[in-house]
Amino acid sequence: MSVADRVMELARRRGFFWISAELYGGVSGFLDFGPLGKLLKRKIEEKWRQWFIVKNQEFVVEIETPVITPYKVFEASGHVAHFTDYMVECLKCGRKFRADHLIEEQAGLTGLEGLSEAELSSIIRERGLKCPECAGPLGEVKRFNLLFQTTIGPYSESIGFARPEAAQGMFTTFSRVYNAMRNRLPLGIAQIGKVMRNEISPRQGPIRLREFTIMELELFYDPKDPKCPVLDRSEVLRIVPEDRVSKKLMEPIEVTVEEALKTGVVLSEWTAYFMVLAQKFIQDLGIPFEKQMFIAKLPQERAHYASQVYDQVVELEKWGWVEVSGHAFRTDYDLRGHMASSGEDLRVYKQLSSEVEVEDYEVRPVLEALKEDFGGEAGLVANALKMMPGARVLEELESKGFFEMGKFRVYRRHVELVKVKRKVKGRRFIPFVAEPSFGAERLVYAAMEHAFKEKEGRVILSLPPDIAPIEVAVFPLVNRNGLPEKAREVYKALKDRGLLVEYDDSGSIGRRYARADEVGVPLAVTVDHQTLEDDTVTIRSRDTWRQVRCSIQQLPDVIEAYVRRKVAIAPLKELIE
RNA sequence: GCGGCCGUCGUCUAGCCUGGAGGAGGACACCAGCCUCCCGAGCUGGCGACCCGGGUUCAAAUCCCGGCGGCCGCACCA
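Following my numbering from start to finish, the first sequence increments by one per residue and tops out at 577.
Hints listed in this document are in silico derivations from the structure and should not be mistaken for laboratory results. As the structure is a prediction and not an experimental result, all values here were calculated from the model. Be a bit skeptical, because a hint or two may be false.
Said to hold, decoys possible - With a straight-line Cα cutoff of 20 Å, these simulated DMTMM-like cross-link-like pairs (lysine to aspartate or glutamate) come out:
#1 Lys419 with Glu454
#2 Lys297 with Asp243
#3 Lys297 with Glu269
#4 Lys194 with Glu62
#5 Lys573 with Asp466
#6 Lys38 with Asp535
#7 Lys492 with Asp534
#8 Lys280 with Asp311
#9 Lys453 with Glu269
#10 Lys38 with Glu211
#11 Lys423 with Glu362
#12 Lys224 with Glu395
#13 Lys262 with Asp243
#14 Lys38 with Asp284
#15 Lys453 with Glu315
#16 Lys297 with Asp284
#17 Lys194 with Glu362
#18 Lys55 with Glu269
#19 Lys55 with Asp284
#20 Lys72 with Asp535
#21 Lys130 with Glu119
#22 Lys566 with Asp284
#23 Lys130 with Glu117
#24 Lys421 with Glu377
#25 Lys495 with Glu560
#26 Lys495 with Asp535
#27 Lys318 with Glu454
#28 Lys280 with Glu254
#29 Lys423 with Glu355
#30 Lys130 with Glu89
#31 Lys72 with Glu454
#32 Lys247 with Glu317
#33 Lys291 with Glu269
#34 Lys55 with Glu235
#35 Lys453 with Asp284
#36 Lys297 with Glu254
What the hints assert, rightly or not - Simulated restraints, written as ranges between beta carbons of each label pair:
#37 Arg49 with Gly320: 22 to 32 Å
#38 Arg203 with Gln283: 43 to 53 Å
#39 Glu258 with Val358: 49 to 59 Å
#40 Pro35 with Lys386: 24 to 34 Å
C-beta atoms are modelled at their ideal positions from N, C-alpha and C, and glycine is treated no differently.
Please take these sequences and the hints and turn them into a complete structure.
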């Protein structure tokens, strides 16, 4: 039995998590969290909050936005068009392929994004493309959109989607939060919440889910001022950069932040900063540095919104290197799309210390061309274009052949770019965004798997003490001579301190230690006969199985320091070393 | 979604091929009690399962069909 199977078995048996709706046979891609799992997950979320929000509270705030989101938001974000896979099946051998990938490879065509299934089908027909495996004929292209769709209100035509990421909540409400935070950049907006993706065939238990908890942060900054003032450039990143990935060299290199930025291995200082934090956060969950790394995503596998993406992966016994976080450099892609679709100006204004003369490209919409291609929405596009940064429009037209604003794709003929010199007292610009994004359920599983140990045929879940779901256990050595009563008092004292405590008096003392070890209780307190004489108890360590005596009076302080702050104070110090 | 294999107490399993004798057996875990007490000890008792639906049959855990779910392979994983 693999470690993964045994972790899953433990998870079911002891109440961490299990497949949802088991009563009716279960559904893959959905998990229930039981009492211990919920506590563990909550502690992991809280730890993320500490590392990413509380630590950076000068410029990072947490918000909450709804799961159900109107159609227009995901249309503007590009998800309706891009959060889709096109599949084509071979009619002879039944193999399935990504239609766009197949066309790219066989016909050498690029820029297929945004084509409909009918258009892709006709390309396959016209060019006579065949199955790359058996040369059989190909069927019609089918489209899978991974968004969960619903209607808002009864009998309503109003389509809503469950969000596949929390990020759009941060973008759509950016102006308000920016305002509430008194118009300062950099600004981080974070959110922990449920998201849904209608995966075609989720497997791998807790690793690929259709509904899961995302922990996400959008860091908005001035593209002209990309410095991250809190970045320590001497930190080391374990990384497989893009050029190595493309050569299939998956061995990570260890580089300092300094080098990574200098060589362009990481494009944004803010991304580098969050990558450093992510490493520390994951280590803090008990996953060692050598068991984690960052892997660059190649352009064709990146999400539609991102210019550079690093996946943070951790090594799992059964599934290999599994993504636990994504670090995307989203530039101004999202805000741009929302500006075009909503017609709102989401730029920020930054006053300059004195009036200066600047040179820039002014974007002048060509209305006739826009009307031809966008019809009634031409005005919206024109309006948005006027707010776009000219240099960036030019750059993208030259490099990609088009400039994208959400659902609108603007080509050369739609705009005139005019070089202008102007005296200004301030700048208006669309902020750039660096995004770290974590999946909570995967982290719960990864933390459990890395904590899973065996000793003398017994299971020990060696979780870091500060994420252990139960923090301390209290046992009376025997159930008589007044020991249970005394043990109840100790239990209450610890509970009153706000600790998560379990009282257990059933079975032999050895069995109780074993049960506690299995769910990762770091410390167990036993009330014995000596307790009645001198008011001391034993504290037993899950990891070393050694014991020390401690006075009941000191006990809450000692336990709390260890499980909340990971500090061993006397007499626990001698026990843990 | 396709193909292969599979689905019995919480877990591991016996039984299925060859339909009946079934009140579905065992082990571990769990619960209660006794005993004992510093590492899953012992004794007694208890709870607890044939994935769902249909069919064949006098009779289905067993045979057939459909569904659901799992594992593996292919594909997919923004």
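Among the hints numbered above, which are violated by the structure, and what are their numbers in rising order?
-> Of the numbered hints given earlier, those the structure breaks are 1, 6, 9, 16, 17, 20, 24, 31, 32, 33, 38, 39, 40, listed in rising order.
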